[in-house]
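**Student:** The listed protein sequences derive, respectively, from chains A and B.
Counting in the working numbering, the first sequence runs from 1 upward without gaps.
Counting in the working numbering, the second sequence runs from 137 upward without gaps.
Treat each hint with caution, since some may be false.
Stated by the list, open to error - What the simulated footprint calls covered on chain A by chain B, stretch by stretch (three residues with Cβ under 8 Å from a Cβ of chain B suffice, anywhere in the stretch; the number is not a length): (1) 46 to 53; (2) 124 to 134.
Unchecked claim - Derived CB-CB ranges, DEER-like: (3) B:E269 <-> A:P68: 34 to 42 Å; (4) A:F116 <-> B:G172: 24 to 32 Å; (5) A:N46 <-> B:Q271: 30 to 38 Å.
Read the hints as simulated data drawn from the structure, not as lab findings.
The beta carbon of each residue, even a glycine, is placed where N, CA and C say it ideally should be.
The primary structure of each chain is shown beneath.
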Amino acid sequence: MIEWQMPLAGGLLIGLSSSLLLWGIGRISGISGIVGTAITSKPAENGWRYAWLAGLFLGAIVYLKTKPELFAHEFNFSTARLIISGLLIGFGTRLGSGCTSGHGVCGLARLSMRSFASVMIFMGAGMITVYLAKFF
Amino acid sequence: MELFISFVAGLIFSIGLIVSQMINPAKLIGFLDVLGNWDYSLIFVLGGAVGFNLITFRFIQKRKSLIGADLCLPTKKTIDRKIIIGSVLFGTGWGLVGVCPGPALVNLVSFKSEVLILVGAIIVGMFGFSFLEKQKS
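Construct all of the structure, not just a fragment, from the sequences and the given hints.
**Tutor:** Right, here's the structure in full:
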């Protein structure tokens, strides 16, 4: 029996969070957009982005201190692999206008065909990569 | 008010990513490993989040936001070369390390050197994109 309760609870919280952001301030919860815009554009309109990231980090710190076992996982990858994938993630999400949150969590719920295409493509690319990575 | 709502939303998002274990690269790679020992539990994360929003967004999208602003929604409709290539690049990077941008940021708090390198490279990639965009214009 696969563990589904906590993933579902987490998913509902992510839904609640992105609904709150859209209802409250009219913004889509797209993390690559929030980070990318916050670091590469002038800070005039970035207040909500900094506030959102502050909330994200606070939640992470509280969980790290109270339930460190949830952060016990390892990142057993070579430095080259980390750098290459980071560059691909950073550049790719900006070129493709979104990642798992913007296109997945929000775009699919908005019934956007662009987001649906993006999710199918990045999941497909991810699956092929995981398959091929086994041979290296 | 805008900043407070945004802060709370970021906080809830973070808790969602942590309790669902989206931040665990082994879990994510297990989810993408459809041809191997597939761990489909993370489908419930996307399913829960999209399912929740499918219901609420229908109502939210009909009116202005709580702070009285128009909703800031994407207007592009065409599936162009940029979104296709961008999604392929992102998916490849995602499959290589098993974390997408949100979980990468959340993992920063444990100060593992691998995460610092990864997030550093993500930021360089984002700057690289905006640099190329500026060159074109």
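**Student:** Could you run down the list of hints and mark each one as holding or not?
**Tutor:** Consistency of the hints with the structure:
no.	hint	verdict
1	46 to 53	holds (count 6)
2	124 to 134	holds (count 10)
3	B:E269 <-> A:P68: 34 to 42 Å	40 Å, holds
4	A:F116 <-> B:G172: 24 to 32 Å	26 Å, holds
5	A:N46 <-> B:Q271: 30 to 38 Å	23 Å, violated
Of the hints listed earlier, the one the structure fails to meet is number 5.
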